[in-house]
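S.K.: Read top to bottom, the protein sequences are chains A and B.
Note that the first sequence ends on residue 290 in the numbering used here; no numbers are left out.
Note that the second sequence ends on residue 178 in the numbering used here; no numbers are left out.
Please keep in mind that the hints were generated in silico from the structure rather than gathered at the bench.
Glycine residues also receive a C-beta, built at the ideal position from the N, C-alpha and C atoms.
A couple of the hints might just be wrong.
Unchecked claim - Just a few of them, taken from the derived set where beta-carbon distance is under 8 Å, the chain A residues facing chain B: (1) Leu23; (2) Thr43; (3) Val61; (4) Met104; (5) Ala108; (6) Gly111; (7) Pro114; (8) Asn117; (9) Asn152; (10) Leu167; (11) Pro169; (12) Ala256.
Stated by the list, open to error - Covered by chain A, per the in silico footprint, the following chain B stretches (three or more residues, Cβ under 8 Å): (13) 39-48; (14) 68-74; (15) 97-111; (16) 156-162.
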Amino acid sequence: MGIRKTGEIELSRKEIYVPDTLAEVLQIKKRRPDAVVWAGGTHMLQQNAPEADSGPRPPVLAIHGVRELRRLVRSDTHVDIGACVPIGRLLEVGERFLPVIIMETIAGIGPPPLQNTATLGGAVCCPDCILPPVLALRIMDTRIEIRRHGNSRWIPLTSFRRETNLDPSEIVTRIRIPNRQWPFRLSRTFGRPYPPGGESLAVMAVAAVDRQIITNLRFAAVYRSRHLLRNRELEAAFVGKRLPLNDRDGRELEAAIAQDPVVRETFTPLATHRTVHVITRFIERIKPV
Amino acid sequence: MIVHCRVDGVTTATETAPEHSLMHLIGDGQERSCRDGSCLRCLVMLGERVVLGCKTPAYRAQGTEITTPNGLDQRPEYHDVMKAFRKVGLAECVETEPYLVLLAFHILSESETPAESALHNLSRHLNDRCSNREDFERAVRIAAGLRRRRDHGHS
């Protein structure tokens with residue numbers, strides 16, 4: 002082993018890059034697209050047991066110390082969160098400007114000492130896994146910035162899949178959350194969403210009302226941190242309805258959720274019941290303002 | 024990779040792989056955590072932050088200081104915490120005491136006067152039968168008072 006230059010450690014069979022700036026990160030990714038990006042590294046440690054180490058493996062690109070990726074910037078319309086901002090820091094300062102439902106869900110990530118290491122960028126990029134904070138981000142129209150050397154683009158989080166949207170030379174750099182508070186919101190989590198695949202269910206719902214009319218409604222559920230229920234048609238059907246809603250609306254909602262193909266094919270009867278129950282109770286709680 | 028760091032004040036150079044956690048730098052004797060971060064028995068201080076040893080990559084310790092529960096007695100806050108633990112009868116179990124002390128360190132490092140919500144948020148992760156949540160919260164409040172008295176002359 003030897004340190005070749007600042008921030009780059011050479012190993013006998015593998016390397017770890019520890020860049021200080023985003024320009025360095027993009028340069029390394031251009032040169033070594035096979036490098037595996039680690040933000041906090043918490044998920045990667047879970048996945049890569051040391052005993053599984055046999056033979057050459059791709060280098061690690063550790064981006065936790067990159068200044069540009071640890072910034073929080075607030076504007077009138079949105080909040081930009083760097084991919085490497087620790088969850089703990091968001092909890093310290095986010096109360097003033099992050100939507101409440103985001104704060105509630107990130108507070109549920111692990112015990113507080115884990116929050117000093119884990120990042121929102123890591124949660125977004127967690128492969129084949131939708132954790133509760135990511136579910137909340139999805140229903141809030143969050144966008145993410147993807148960068149490569151000499152290029153950047155923004156895409157909606159709802160259409161982001163790491164396996165298909167992220168070129169090997171690209172990384173997720175920022176998360177943009179619209180600056181909007183929802184007067185009605187609910188988040189419920191059953192079981193432990195992490196590690197993914199276990200028996201867990203997360204349900205989120207938000208709504209906005211203008212006097213007696215529902216002006217916006219979003220809801221989503223994720224079972225076992227993998228199977229996502231999001232029915233925009235059903236959400237749209239409730240927009241414009243006058244409050245209070247009648248029993249028929251509730252029954253229609255229950256039936257529509259239970260008939261959703263994702264729910265029918267992947268949710269257990271208990272998960273279906275809980276999803277229906279949480280969302281219908283949320284709808285009932287929406288009051289004129 | 025060889026990570027150079029200080030563990031409880033002792034300079035070390037340890038051969039590690041990227042997949043190794045901080046627990047690898049501390050020694051096999053402490054490789055007893057659950058690896059998913061729920062048991063809290065791997066808590067250590069990395070610099071001034073309390074982190075889960077099993078969920079923090081070893082390379083992040085390069086050039087920094089790791090403090091395990093064994094190395095805490097050099098810090099003045101340690102004596103405040105231990106005094107508070109003895110007062111409420113918490114410091115009895117050799118298994119749970121080290122990580123409870125580090126959890127107390129964590130919350131005391133966040134704020135001079137820990138908020139009730141922060142205390143509840145922390146103590147709800149205590150699952151061990153030897154760690155009574157109410158006693159822990161009471162001990163942290165006492166330790167915060169002792170520290171304020173030491174630092175400012177009043178609690």
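S.K.: Does each hint fit the structure? Answer for all of them.
M.R.: Now the hints, each set against the structure:
1. Taken as an interface hint, A/Leu23 does not check out: its beta carbon lies about 19 Å from the nearest beta carbon of chain B, beyond 8 Å.
2. Among the interface hints, the one on A/Thr43 holds; its C-beta lies about 4 Å from the nearest C-beta in chain B, closer than the 8 Å criterion.
3. About 4 Å separates the beta-carbon of A/Val61 from the nearest beta-carbon of chain B, less than 8 Å, and the hint is met.
4. For A/Met104, the shortest C-beta to C-beta distance to chain B is roughly 12 Å, which exceeds 8 Å, and the interface hint is violated.
5. Given hint, A/Ala108 at the interface with chain B, holds; its Cβ is 7 Å from that chain's nearest Cβ, closer than 8 Å.
6. A least Cβ separation of about 5 Å between A/Gly111 and chain B falls short of the 8 Å threshold, and the interface hint therefore holds.
7. For A/Pro114, the suggested interface contact is upheld, since its CB lies about 5 Å from the closest CB of chain B, less than 8 Å.
8. Because the smallest distance between the Cβ of A/Asn117 and any Cβ of chain B comes to about 5 Å, under 8 Å, the interface hint for this residue holds.
9. Interface hint status for A/Asn152: violated, as the beta-carbon distance to the closest one in chain B is roughly 28 Å, over 8 Å.
10. Checking A/Leu167 against chain B by beta carbon gives a least distance of about 20 Å; that is not within 8 Å, so the hint is violated.
11. A distance limit of 8 Å between C-beta atoms decides the matter here; for A/Pro169 the minimum to chain B is near 18 Å, and the interface restraint is violated.
12. The closest approach between the C-beta of A/Ala256 and any C-beta of chain B is roughly 37 Å, which is over the 8 Å cut-off, so the hint fails.
13. Check on the region 39-48 of chain B: 6 of its residues sit with their Cβ under 8 Å from a Cβ of chain A, so the three-residue criterion for coverage holds.
14. As drawn, the region 68-74 of chain B meets chain A at 3 residues by the rule of a beta-carbon pair under 8 Å; at three or more, the given contact holds.
15. Given a C-beta distance limit of less than 8 Å, the hint that chain A covers the region 97-111 of chain B is violated, as 0 residues qualify and 3 are needed.
16. Only residues whose beta carbon comes within less than 8 Å of a beta carbon in chain A count, and the region 156-162 of chain B has 0; fewer than three means the coverage is violated.
Hint check: violations occur at hints 1, 4, 9, 10, 11, 12, 15 and 16; the rest are consistent with the structure.
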